[in-house]
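S.K.: Work out the full structure, taking the sequences as your base and the hints as a guide.
There are 2 protein chains.
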Amino acid sequence: MANINQLLGLVAADMRHVEEKMRAGVAARYADLAAVVDYLMGAGGKRLRPVLTLMAASFYPADKTKAYALAASVELLHTATLVHDDLIDNALLRRGMPTLNVSWSAGATILAGDYLFARSAELAAETQNIRIVTIFAQTLMAIVGGELQQLFSDGHGNIPTRQEYEQRIYAKTASLFAAGTQCGAILGGASPKEEQALYDYGYHLGMAFQIVDDILDFQGDEETLGKPVASDLRQGIATLPVMLFVQKFPQHPIIRRAVSRESVSDKDMESVVKEIRASGCLEIAMTEARQLVQRAQTALAVLPDNQYRQAMHGIADYAVSRQL
Amino acid sequence: MANINQLLGLVAADMRHVEEKMRAGVAARYADLAAVVDYLMGAGGKRLRPVLTLMAASFYPADKTKAYALAASVELLHTATLVHDDLIDNALLRRGMPTLNVSWSAGATILAGDYLFARSAELAAETQNIRIVTIFAQTLMAIVGGELQQLFSDGHGNIPTRQEYEQRIYAKTASLFAAGTQCGAILGGASPKEEQALYDYGYHLGMAFQIVDDILDFQGDEETLGKPVASDLRQGIATLPVMLFVQKFPQHPIIRRAVSRESVSDKDMESVVKEIRASGCLEIAMTEARQLVQRAQTALAVLPDNQYRQAMHGIADYAVSRQL
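Protein sequence lines, in the order shown, are assigned to chains A and B. Going left to right, the first sequence walks through residues 41 to 364 as the working numbering numbers them. Going left to right, the second sequence walks through residues 41 to 364 as the working numbering numbers them.
Heads up, a few of these hints could be off.
In this list, chains with the same sequence are indistinguishable; a pair is considered to hold if it fits within one copy or across any two.
Listed next, the in silico DSBU-like pairs over lysine-lysine satisfying Cα-Cα at most 35 angstroms (straight line) [as the list claims (entries may be wrong)]:
1. Lys233 with Lys104
2. Lys288 with Lys314
3. Lys314 with Lys267
4. Lys106 with Lys233
5. Lys314 with Lys86
6. Lys307 with Lys106
7. Lys86 with Lys307
Please keep in mind that the hints were generated in silico from the structure rather than gathered at the bench.
M.R.: As structure tokens, this is what we get:
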């Protein structure tokens with residue numbers, strides 16, 4: 041398996057243009073926000089969404105300038121949702137760095153997120169493609185609608201059904217991965233079959249990616265995670281590992297208290313995290329993620345077998361092999 | 041001068057389609073949010089933004105379905121910004137009705153606003169016109185950028201310069217009025233000269249409209265206003281009436297305390313409101329608003345003299361004659 045940095049290297053030069061694009065439009069108009077974008081971008085991450093968007097656009101003779109705008113739009117949309125999410129969750133850390141809401145007032149943080157949404161829409165429009173803009177808007181509706189649904193349903197002691205969980209991780213993660221790769225295809229004028237294939241790739245990879253995130257939330261420690269272990273469960277949110285654990289131990293008292301938003305001591309939380317780790321449920325969840333990755337890779341079969349397809353194949357492997 | 045309801049009547053049938061469009065797209069996907077849209081729409085108001093958008097589109101053989109989508113997009117964008125503003129300002133009332141943030145958590149209110157932004161972008165894309173989508177995105181950037189600027193500059197004891205005030209009311213109000221009338225023109229394929237005229241109309245009308253809002257904030261009482269008198273000054277924001285008052289009384293202690301966000305008793309606030317009312321500054325501000333309305337009306341001269349132009353002329357008069 042190729043090293044992830046080698047795979048990303050294929051579009052490294054393009055990504056510098058994308059990052060420039062992300063900063064430039066904001067900096068020109070609003071210095072305070074430019075510093076925020078710099079800060080949020082400095083928080084790192086592999087930027088898989090814009091990378092895959094660029095790769096999806098690279099199968100075709102797509103206009104590079106438009107591809108950069110599209111990729112920047114995808115990453116800024118992602119960033120904007122994180123800014124609002126961290127405020128809503130009162131999260132203090134993201135990737136080990138203080139969140140924006142730690143240093144800015146709630147009002148300024150809300151407006152910063154709104155501004156990034158707007159800039160992201162402007163960048164989507166730079167593709168001059170109305171279907172792309174529509175997908176952009178619908179993806180934001182899916183993401184936000186999913187969060188609202190979660191907000192209203194969490195903490196009532198319910199373990200989500202499989203279907204509810206899938207809707208959730210689609211909204212949270214797969215929708216934007218899929219939108220990015222589909223819009224990359226559209227930008228290049230892909231055939232309907234190829235566009236569908238790239239959508240399917242993004243969708244399944246995004247679903248797998250979120251499941252792996254949900255697994256990683258139970259591994260490592262606060263230092264390596266950059267946030268508390270089991271952060272979702274602490275907020276009353278049951279993800280796949282917990283759902284599988286509850287199938288084995290339906291009446292587990294700590295889980296029941298956690299998903300009802302009753303107080304759970306740190307000691308109890310540590311103890312249930314240990315039980316989940318020992319239960320084999322993380323491994324079962326990982327098997328599901330691997331199956332989704334295989335479906336993502338299978339979808340690529342209709343595309344020309346070039347370096348981009350190979351990189352996208354490898355990045356899918358990375359999604360389930362990544363460590364903290 | 042024609043009655044405002046007669047003027048609005050010209051597009052009343054169209055506005056029913058617009059309201060349907062505003063509700064339908066949200067209701068189909070998310071019942072809780074549909075109730076919110078109903079609620080926000082029930083709060084009334086003259087809906088001048090979509091009305092003027094429709095009228096601007098009516099000079100030309102514009103596609104009605106697209107005009108409805110555009111007008112709905114403009115009003116939903118406006119609604120979304122109000123949802124976030126009321127949360128940021130912790131406002132409890134809007135047009136005499138409790139704000140969304142009174143009954144919903146901050147998180148749900150943020151997400152509701154985000155969802156309306158997204159839906160509004162989707163509606164803008166229904167026009168199938170990429171210039172319209174771009175103007176839509178840039179208008180949201182202007183609105184939010186203006187608010188951020190205000191957030192960072194208020195409460196430092198500064199009275200805004202004339203230029204700062206104009207930038208503020210452009211961002212807050214004129215930008216969206218102008219975007220609506222300009223996009224209406226674009227939708228119908230107006231000539232560049234006519235498009236500019238309709239932009240100018242919306243811009244000057246919007247500037248006048250906000251000045252009148254700032255005047256009305258010092259008139260009437262809490263019951264007729266549906267919010268406290270001098271609500272801006274209470275938040276440390278100096279608008280045109282206060283700027284004019286400070287020119288006459290540069291060292292007025294209560295104003296200085298208010299714009300420095302130092303505590304001002306209700307009695308002191310009432311007393312300064314009375315002084316401002318008696319100072320003649322509201323009348324000077326109204327004269328400025330009337331001049332802007334005349335510029336808006338003059339801009340209409342290049343357009344065919346039909347019922348839409350006459351209605352837009354009359355609505356501009358209404359903007360400076362409206363009472364609480």
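S.K.: Evaluate each hint against the coordinates.
M.R.: A quick look at each hint next to the structure:
1. Within a single copy, Lys233 and Lys104 get their C-alpha atoms as close as 23 angstroms, and across copies as close as 34 angstroms, so both meet the 35 angstroms cut-off.
2. Taking identical chains as interchangeable, the C-alpha atoms of Lys288 and Lys314 lie at most 35 angstroms apart only when both belong to the same chain, with a minimum of 15 angstroms there against 72 angstroms between chains.
3. For the homomeric pair Lys314 and Lys267, the shortest alpha-carbon distance inside one copy (17 angstroms) is at most 35 angstroms, but the shortest distance between copies (54 angstroms) is not.
4. When the C-alpha separation of Lys106 and Lys233 is checked against a cutoff of 35 angstroms, the pair qualifies both within a copy, at 22 angstroms, and between copies, at 30 angstroms.
5. Taking the closest pair of Cα atoms, Lys314 and Lys86 come within 35 angstroms of each other only inside a single copy of the chain (29 angstroms); across copies the shortest separation is 60 angstroms, beyond that limit.
6. Taking identical chains as interchangeable, the C-alpha atoms of Lys307 and Lys106 are never at most 35 angstroms apart, the minima being 52 angstroms within one chain and 59 angstroms between chains.
7. In this homomeric assembly, Lys86 and Lys307 come within 35 angstroms of each other (Cα to Cα) only inside a single copy, at 34 angstroms, whereas the closest approach across copies is 58 angstroms.
Figure legend: structure checked against the earlier numbered hints; the only hint not met is number 6.
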